[in-house]
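*Asks:* Build out the structure end to end from the sequences listed, making use of the hints.
Protein sequence lines correspond, in order, to chains P and W. Okay, so the first sequence: first residue is 1 according to the working numbering, each after it adds one. Okay, so the second sequence: first residue is 522 according to the working numbering, each after it adds one.
No lab work stands behind these hints, which were simulated from the structure alone. Check the hints yourself; a few may be wrong.
Stated by the list, open to error - Derived lysine to any residue pairs resembling SDA-like cross-links, with alpha carbons at most 25 Å apart:
hint, chain 1, residue 1, chain 2, residue 2
1, P, Lys268, W, Arg542
2, P, Lys311, P, His480
3, P, Lys8, W, Glu706
4, W, Lys759, P, Glu35
5, P, Lys79, W, Thr752
6, P, Lys264, P, Arg295
7, P, Lys268, W, Asp527
8, W, Lys669, W, Glu545
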Amino acid sequence: MNQNESLKIVIVGHVDHGKSTLIGRLFYDTGSIPEVRYNEIAATCKAQGRAFEFAYLMDALEEERDQNITIDTASTFFKTAQRPYVIIDAPGHKQFLKNMITGAASADAAILLVDGAEGVREQTRRHAYVLSLLGIRQVVVAINKLDMVNYDRNRFQKVENDIRAFLHSVNIVPSYVVPISARDGENIAKRQGKVPWYKGPTILEALDTFGNVRGDAGAPLRLPVQDVYTWDGKRIYAGRVETGQVNKGDEIIFLPSGKLTTVKTIEKWQETDLSLAGAGECVGITTEDELFVERGEVISRRKRKPVKARKIRASIFWLADRPFQAGKTYTIKLGTAEAQATATAIEERLDSSTLEVTERYAAELLPSEVGKVLFTLKNDIAADLYSDNIRLGRFVIEDGLLIGGGGIIQGLTDESGTSAQRICLNEHLIIGDEGSSVDLAGEGGGIEFDVSTEFLDYLGQGNRVLFRLRDLTQLEPVAHLAFEHDLVFRFSRAAEGINIILYKRGVLDEVVDDVDDGTYI
Amino acid sequence: MYDHLDELEAQSIYIFREAYRKFENLAMLYSIGKDSTTMIHLARKAFFGRIPFPLVHIDTTYKYPEMIAYRDRMAREWGAELIVGRNEEAVTSGMGPERGRLVCCEKLKSEGLTRIIEQKQFNGLFLGIRRDEEGSRAKERVFSPRDKNFEWAYKDQPPELWDQFNTSFEPGTHIRIHPILHWTELNIWEYIQREKIEICGLYFAQNGKRFRSLGCMPCTTPIDSGATTLTEIIEELKTLKDPERAGRAQDQENAYAMQKLRAKGYM
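*Replies:* Now the structure itself:
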């Protein structure tokens, strides 16, 4: 990656496990503390009659220093030979979870800090779970304060086993587990030789292996319309390419409205004749057809488009002071879209530290709690499953005037109550020289088929149709189709990917059996 | 190629467009410095060359004449509407740093600002502060609410995540919007160089001195420097150990000077 491109690191963990001290040490050992700043802190500490406190680098507020805690998240900057870093300090106290999440949500990677003497605690687990909810996959675990336990290898091993087991349960595989002492400076920027039994990287070496999180160009196009400007006689759709790439001349669809058109120009100030824009770029789009589309619509292509959602099932975390209530209507903000959403049911209420389901069909979620919630929307919204597209698969929930929580989408249903995409088999059937096929590899989310008599007649004439699947989640609807219409259903291993052949029972069994590539189900 | 400056730029453009969509009565605070000049350039990128809101400069009457001349010339060049705010009452009463630097800042800058906000009924205000400038700014949100008394509830800020911002507010309050909060001093200079943004001449060395941060004459000290070009400034920055605002006397008054000033509406 680019040497100048900074990596954002959030440091999380239980209160008093040494986050601010670790940050101070990172700065000190990389020579990143300005002399004046160092002197200011030294003077403040001296006035308070205490030893030099690294934590004051981040804890800039008077209340934070007086009470010896981090209240709000802060960003600071340091550099290694490799590249610049932005360090986000996140408060460890439970009451400041909203600040922790604010800090962590923008991070590329995380350091999860565990006190080697105290071991895994409540906020260690809660923060790890939050990292998982926020989709942060680059995680290094630092087992700190090993100076307090004489750098005992067995103690380290015990804590490592505990934290690995918990992380496993929230689908995080740590990239490294590093034994450190922030106070002594062991394994932060250098090795002091206190843990000869450890052969892995220091914290800085571990961080230098991480990459910047950016979607690849092959991802499906998602360009939420942020605003519409009618300037210089043009109608410009302004927005940021969240994933994928948009090209001049592309056929595009706006969702949820379903309007189709072609990209006429891609616009930026003082740049002419742009042919494409990739993920992360803020652009303006003009279209061939005069459309009247508003903020909140999402530009994509006809294939691999987002779902027009009416019902959303999501894991949410709640941060406001007032409880989140079942039956109440909230505003959700997803991409640039907004919708009134009624919390139809809180299907599960979880302890965010132990992840145990504490209640099913609960009446409310308290501050700092998490749960699985079903929302019913008053209007359609273009959305993706979080597993398909992080950017369009997450949303925030407004409570009154302010953001009260966030959620990641695990299930989507459209207005008719069917799950996700309806695939019209007539439209998707491609009849070619090599045989007939239906390509589902480009369809994200759940699918359901519209079966026409023409399609069934085509099979009835003895034709077979190859279905190309994106993944095994599409197996079920295809199997359903076969069952309902009395079709034979078998895998084909002749081509790349997951392929299934469907044909009418009895008509061509013997012919297909000649092709020895199938596996009957 | 999409590099780190493109990414910073895109983030700023996104913030500008969110604010423009959500607020009826916006203004941008223009301090004449490199940061707010960069911010204006980013606004023009967001709005295809336009600056669709007025620029507000709070005149303390203590600014360098070069700054004022530069301000007026640039505003004409950009075709921007420039509003100059001044706390006339304090100016006539002879307010100055000899009555206490923090008192002076509060009267001439914070109060000068609150007056113009009240008078013009602005509900969204762009400010060119950055997280790497000093500790209390590092704690800021991108969209940061201020209450009826213009106070910042820094101990209880609402969450802000995934580029979803708090854009709703009660009548009488306003939101501070910080489009370049995530930039560093070095980023700003690299971007000025790349985009060929014209900045105030005081940033370049004359007679072995140059300003690293611009402010009021009595409270701003230049640094020793021979840097007369952008390339030289960028090279020099990589070697400097002092913080950027070391030459700004109001910051050094006491350990929490900025926090206290900013809680009461200072920039």
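*Asks:* Each hint should be assessed against the structure and marked as holding or not.
*Replies:* Here is how each hint holds up against the structure:
1. Lys268(P) <-> Arg542(W): 18 Å, holds
2. Lys311(P) <-> His480(P): With Cα atoms ~23 Å apart, Lys311(P) and His480(P) stay inside 25 Å; holds.
3. Lys8(P) <-> Glu706(W): The hint holds at about 17 Å.
4. Lys759(W) <-> Glu35(P): 14 Å, holds
5. Lys79(P) <-> Thr752(W): 20 Å, holds
6. Lys264(P) <-> Arg295(P): OK: Lys264(P) and Arg295(P) at ~19 Å, within 25 Å.
7. Lys268(P) <-> Asp527(W): 12 Å, holds
8. Lys669(W) <-> Glu545(W): 18 Å, holds
The structure agrees with every numbered hint stated previously.
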